[in-house]
Amino acid sequence: MGRRPRFHQPGAIYHVMSRGNGGQVIFANDEEFTSCLVILYLVCWACDAKLFAFCLLSNHFHLLIKVGKVPLEHVMRRLKTRLAKMFNKMRGRLGHVFQARYQAKLVTGDRYFLTLLRYIHQNPVKAGLVARPEDWPWSSHRQYTGAIRSVMVDVDGGLAQISANREEALRLYNELQEVPQEDLTETIEQAAPMFWGASETPTSPSLETVAAAVERASGISKEGITGRTRTAPYCRARYAFIRKALTEGHSASAIARFLGIVPSAVSRLITRHAN
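Counting from 1 along the sequence shown, just add 1 to a position and that's the residue number in the numbering used here.
Keep in mind that the hints are not guaranteed to be accurate.
Stated by the list, open to error - Cβ pair distances, simulated, as ranges:
| id | residue 1 | residue 2 | range |
| --- | --- | --- | --- |
| 1 | N166 | L38 | 24 to 32 Å |
| 2 | P234 | V180 | 53 to 61 Å |
| 3 | E179 | P138 | 16 to 24 Å |
| 4 | T146 | T230 | 40 to 48 Å |
| 5 | S265 | G228 | 18 to 26 Å |
| 6 | Q25 | G228 | 41 to 49 Å |
| 7 | P234 | V263 | 18 to 26 Å |
| 8 | R229 | E209 | 13 to 21 Å |
| 9 | P206 | R167 | 38 to 46 Å |
Source of the hints: derived by calculation from the structure; they are not laboratory data. Backbone N, C-alpha and C define an ideal beta-carbon position, used for all residues, glycine too.
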């Protein structure tokens, strides 16, 4: 595999794959699959990334993701760190959950994007877990067929990568589901080479450090950020603090404790600004 890119390109689209440590199971039950989707949504929101597709299997997952100002390396570091912390806490254990490095490939061209959508959503079928992609609940396939909708996956943005005409994009997507995977292998192999992501997992800055950074940017002190003043400058600073803290990998419950509020209040603010 090649080295990871030296430069960050805002707006770049990547196919990302990450495996369990030593091929071990990552998601053992429905609760863990669901928890992963919640964290994936929060990390993408906090990092200003667009999720075009996903597929979770027991020992690995695939993402089709468009990065914003935050580099892919940073997005994946936060995602894997938060998932590992949550799963270890749920299971009462310590240790690595994922392989040290994820794999990623730069996505260029509408045909390759469409082929990847099909490849990602067909993974459970290829693994013999289900007969059809719509039978697997832990992928975004049913969001593309219109069976379910959520704010988590940018379906319209994904279809726009295929064709400016939404109906045409849907037709192409549905038609490609009938094409045998072996007929698409050459398209996938001829694309940009897969590269390995970073293996290091640096310590997140403390919430005190995050608050200090927001204070320097906004002029609102830590006391103002954690206080109850509801005027616009204080609310903006509080929102900026929550967004930055989430981006740095802190949990909603830890942020809530720092602010002296309940976790549901943090979640409500996240949802309000995401919609």
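Legend entry - Whether the CB-CB distance between N166 and L38 falls inside 24 to 32 Å: 30 Å, holds
Legend entry - Distance restraint hint 53 to 61 Å, applied to the beta-carbon atoms of P234 and V180: Distance hint for P234, V180 holds at roughly 55 Å.
Legend entry - Outcome for the supplied range 13 to 21 Å, where the beta carbon pair is R229 and E209: 20 Å, holds
Inset, instruction - Kindly confirm whether 38 to 46 Å is satisfied by the beta carbon distance between P206 and R167. - result: 42 Å, holds
Legend entry - Cβ distance range 16 to 24 Å for E179 and P138, holds or violated: For P138 against E179, whose Cβ atoms are near 22 Å apart, the range 16 to 24 Å holds.
Legend entry - Cβ separation of Q25 and G228, checked against the hinted range 41 to 49 Å: 45 Å, holds
Legend entry - Cβ distance range 40 to 48 Å for T146 and T230, holds or violated: Given a distance of about 47 Å, which is inside 40 to 48 Å, the answer is holds.
Legend entry - Satisfaction of the hinted span 18 to 26 Å by the C-beta atoms belonging to S265 and G228: 19 Å, holds
Inset, instruction - Take a look at whether the Cβ-Cβ distance between P234 and V263 falls inside 18 to 26 Å. - result: Once the Cβ atoms are compared, 23 Å apart, the range 18 to 26 Å for V263 and P234 holds.
Checked against the numbered hints above, the structure violates none of them.
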